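Protein sequences appear in the order of chains Z and W. For what it's worth, this note's numbering labels the leading residue of the first sequence as 51, then goes sequentially. For what it's worth, this note's numbering labels the leading residue of the second sequence as 148, then goes sequentially.
These are computed hints drawn from the structure, not numbers from a lab. Just to be clear, a hint being listed does not mean it is correct.
[Stated by the list, open to error] From the structure, some residues in chain W lie toward chain Z, with a derived Cβ separation under 7 Å:
1. Leu-149
2. Asp-237
3. Ala-239
4. Leu-242
5. Tyr-243
6. Pro-245
7. Val-246
8. Arg-405
[Stated by the list, open to error] Calculated Cβ distances over 12 Å to all of chain Z for the following chain W residues:
9. Ala-167
10. Ala-170
11. Gly-171
12. Thr-174
13. Val-177
14. Phe-178
15. Ala-188
16. Phe-279
17. Pro-287
18. Ala-290
19. Ile-326
20. Thr-374
21. Gly-379
22. Ala-391
23. Leu-392
As the structure is a prediction and not an experimental result, all values here were calculated from the model. Virtual Cβ for every residue (Gly too), placed ideally from N, Cα, C.
So you can see what is in the structure, the chains are spelled out below.
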Amino acid sequence: MPLIDVAGLERTFVVRRRAGFMRRSKSVVRAVQDLTFSIEAGEMVGYIGPNGAGKSTTIKMLTGILVPTSGELRVAGLEPSRQRTDLARRIGVVFGQRTTLWWDLPLRDSFELLQKIYRVPDQRFRENLDRFVELLDLGDQLDTPVRQLSLGQRMRGDITAALLHDPEILYLDEPTIGLDVVSKGRLREFLRALNAERGTTLLLTTHDLQDIEALCDRVIVIDHGTSVYDGTLAGLHAQGGSTRTLVVDLVDTGPPIDVPGAEVRKVEGPRQWLSFPADASAAPLVAAVASAYDVADLSIQEPDIEDVIRELYSHGA
Amino acid sequence: MLHVAVARRAFRRYSTYRAATVAGIFTNSVFGIIYSFAYLALWRQNPDAGGYDAADAVTYVWLGQALLMTVALWGGGTTDDLAERIRNGDVAIDLYRPVGLVGWYLAGDLGRALYHFLTRGLAPTVIGIVLFDISLPPSPTAALGFLLSIPLAVTVSFALRFLVASTAFWLLDATGARILSGALALFFSGMALPLVLFPGWLGTLAEALPFSAMIQVPNDIWLGRHTGLELGSALAFQAGWALALLATCGLVLRLATRKVVVQGG
Ligand SMILES: Nc1ncnc2c1ncn2[C@@H]1O[C@H](COP(=O)(O)OP(=O)(O)OP(=O)(O)O)[C@@H](O)[C@H]1O
Ligand SMILES: [Mg+2]
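Chain W on its own, in the form it takes in the complex (with noise of 0.2 Å):
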């Protein structure tokens, strides 16, 4: 109940940026046909990278930026919030009440999430059906697997980026963790390039890691890569990993009010 009323009022904080949300848009656009037409030159010279075919390849191109900011790969979600919260010491506020701050600040990223994927989540994959003709999912089942996908991957990304924001708990500013997370997100979840292409152990590497999880696995789910038992699989990888972090954030959590300070007096 409260939880609902926390996602509630944050998608309506964030419908609030309404510039923003236009200009996010424009620029996923102009990258996603940036990207697309290299990819159909890369998948040109090679038209079975990675078991993809040129279409999955432009398909996960315009999925890959309709994720982007659903999932808030790189930042831009509650846990900003929360990292400025540590800094300035606004976070003992958030200490004195009964309900623990991982639920709270999920809570409002999952209201983000929903918002941004309605946004720019959506307008990007209209325009790539429009402008490149991407491919649908091949079975309601691949559909509604990605959907439930999404909120997984949201929950992953979220767990990684609190768990980055809580280093300002030790550090003071959450900068640098956050530089380096988003070059680890970048190349490991599969935007820049799809993990399918990585060769050999690295590529064993990234499908094992949590990154994978934000944008790899949804994409791989639309394209009906995944189907039948392994569809359940993919899920459940989704899931625990989620599990797994969000439990690592509330020790975490638990470590960083025990050991560490609130800033100010």
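This is chain Z alone, in the form it adopts within the complex (with noise of 0.2 Å):
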């Protein structure tokens, strides 16, 4: 059985607006509706979508804090609004916007605080607090108050508040909002040697796409409420029919390059790009090029992400 099983899961919210003097109008809000996926245990999946696709309403129904209007929900057998309590210990979340830590406590009191949440044995509470502090380079902040801490400092107080229960699941909501270039990278590679180590599942939240393209095999894509892509990081550029560039340098200036296979999208002096089908061979056009005309020099683009899911979000739109 899957670690995560969803199947047409449905979630509304009623909003009660002003209209007028002493009227109210009801309006009903679709954050989820009909999604349905399955999670096995030691996948990385990057859940992504455009604002208000309804991620983080997924995210707390998965961790039992909102009941769904309607559909089926396990997480690990248990069903997670009726058995919270039992399902947190055994997942651990981590928010951008949000802290899990205490802003009066130094971060080691913190810690020391959650050791007594989750019951987790003396031994294997040292042992972890040892390794995360080190791998997330925290010893020099364990005996600030948290509301000392810079942001990338604090998040990684955070995850390691996390994980000092050894959670088989570990949901993160946009993890890298606000952290410098340095910070993302130590912090990717850290949940990536995480999963390797401990087979910890993760499902990722996020708005940049790099977390995803360093993390995520698999992708699940939402837009108003329901899934609109599962799959592979590549098949996604399948999906979006997407295109890879061949750049031309020519020596001289001249018309637009007119090969089989391929189509100019701009020229500039000596420069033209050429665009041709992501899953179609660079080598053929290379050399037609070649042999046609006078090459300077030749560079492949391959295509960006971020275009393939604008494109998906406008189709779903």
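Assemble the dimeric complex from its two separately framed chains, guided by the hints.
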């Protein structure tokens, strides 16, 4: 049985608005509808979609703090909203915008409080703490009150906090928001190691597609509350009908290049951009161009995943 | 074990607000003095009002000042944090943890109460003793009973405040409920006026409501008005309300998390 099993999940919100004096109108927002997917233990899945797509709502239901309106939902064999407390011992949650740590306590005290909350045995707690503090480079911050930490330091503290009890599943809701490039890189590296060493299942929500490219073999794209793509990152390129680009520098300025299987997108002096299907081989194209024209240089640009996804969102709308 | 740690942490957190503590003690003392003179004037007119003599009345005033912040009659306890966390959605973090929310916040509130008892409770009592020669508990049993009644008073107050804070799940903001419950607590706890002065059915009603467990009951135990079996039933009255209200908190919380929504993405 999959670790996370979601079938026909739906969640609606009733929103009441003022509609003039003493009158209120009701409208129903479908935050999640007809959502189906399942995730096996040990997977690293990217859960992406535009603002308001229903990502956070899904995570709230998966963790049991929000009751689905209808549909099936099982996580680690439990029904989250009914068995929230049992489930809580087996999952970790990290939010970019919120902290599990206590503002007035030094990091170390926050961790010790969490040890008591999750009843982590002393030995295991020390092992985990040492390991995460080393990997996340938190040693110098352990005695600093959380309110004095930088965003990146606090984030690393939050990730440690979510992992001290060895959760099987780690939900990350925009964990890299506001982090600089170095911190992002270090965090991704850490998550990859975590998955490799401990087999922790990751479900990652982000607007930074580099997070996904660095970590996830699989992506689920959600739009208007329902899944519009579920598969590999490579497959996403094909799905979007995406193209690669051959950049040709000619020796002299000339008319647009005319070769079969490619189309000229742009000409700038001697430089021309040709697009061709992402799944076609570049070799015959390069040969054709080189034999018919005086070529100074050639390069190939891979399709931009952001373009692919933007395309997907606009189709879904 | 966890809850002891939570209580200890709350104690420490509140003890960092030194200036607030000093200002609070000053305010309690000023009100204690003003009320004492007012009560003395009242009791000169009517020397046996409600079965209290003048010394009882002044003692009642200073005990009220001492208990006001200890039980956090008008808020200022961990339930304020709860209301804020419901409003901004941080309560989600609390709910992700395998710990009951009611016990967690109660433990914190008891730690806070201990700090406030040792500072804002003791100081006005000493000042009352020095300035107005207030009476001490007539027997060791009364003193012990009083000490036992404090955590019960705090728990009743906590549970009422928890329910008020929970309205934020539905109303997004607990201010309205807080103002209403603050007014009820002021009158029906015996803070504004001893409940023994309330006439007829109003007095009977006031003494049966949970609010009286916060001020009137501990004060009467200190004054030695409950002895023997009656002392037991006074404590049982507090404990009964504490349990009933805590159970209600659990119920309301379950309802809130089932029906209502945690704010924010
Ligand atoms: N408490 C609520 N009451 C009413 N509507 C809500 C509530 N929470 C979420 N919604 C609506 O549900 C939809 C999905 O919201 P959700 O927070 O899940 O989006 P998201 O995918 O996490 O977006 P983002 O990328 O901006 O974080 C949105 O249209 C939002 O307005
Ligand atoms: Mg979100």
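Going down the list of hints, with the structure as the test:
{"no.": "1", "hint": "Leu-149", "in the structure": "4 Å, holds"}
{"no.": "2", "hint": "Asp-237", "in the structure": "6 Å, holds"}
{"no.": "3", "hint": "Ala-239", "in the structure": "6 Å, holds"}
{"no.": "4", "hint": "Leu-242", "in the structure": "5 Å, holds"}
{"no.": "5", "hint": "Tyr-243", "in the structure": "5 Å, holds"}
{"no.": "6", "hint": "Pro-245", "in the structure": "4 Å, holds"}
{"no.": "7", "hint": "Val-246", "in the structure": "5 Å, holds"}
{"no.": "8", "hint": "Arg-405", "in the structure": "6 Å, holds"}
{"no.": "9", "hint": "Ala-167", "in the structure": "15 Å, holds"}
{"no.": "10", "hint": "Ala-170", "in the structure": "20 Å, holds"}
{"no.": "11", "hint": "Gly-171", "in the structure": "20 Å, holds"}
{"no.": "12", "hint": "Thr-174", "in the structure": "25 Å, holds"}
{"no.": "13", "hint": "Val-177", "in the structure": "30 Å, holds"}
{"no.": "14", "hint": "Phe-178", "in the structure": "30 Å, holds"}
{"no.": "15", "hint": "Ala-188", "in the structure": "45 Å, holds"}
{"no.": "16", "hint": "Phe-279", "in the structure": "38 Å, holds"}
{"no.": "17", "hint": "Pro-287", "in the structure": "37 Å, holds"}
{"no.": "18", "hint": "Ala-290", "in the structure": "34 Å, holds"}
{"no.": "19", "hint": "Ile-326", "in the structure": "22 Å, holds"}
{"no.": "20", "hint": "Thr-374", "in the structure": "42 Å, holds"}
{"no.": "21", "hint": "Gly-379", "in the structure": "35 Å, holds"}
{"no.": "22", "hint": "Ala-391", "in the structure": "23 Å, holds"}
{"no.": "23", "hint": "Leu-392", "in the structure": "22 Å, holds"}
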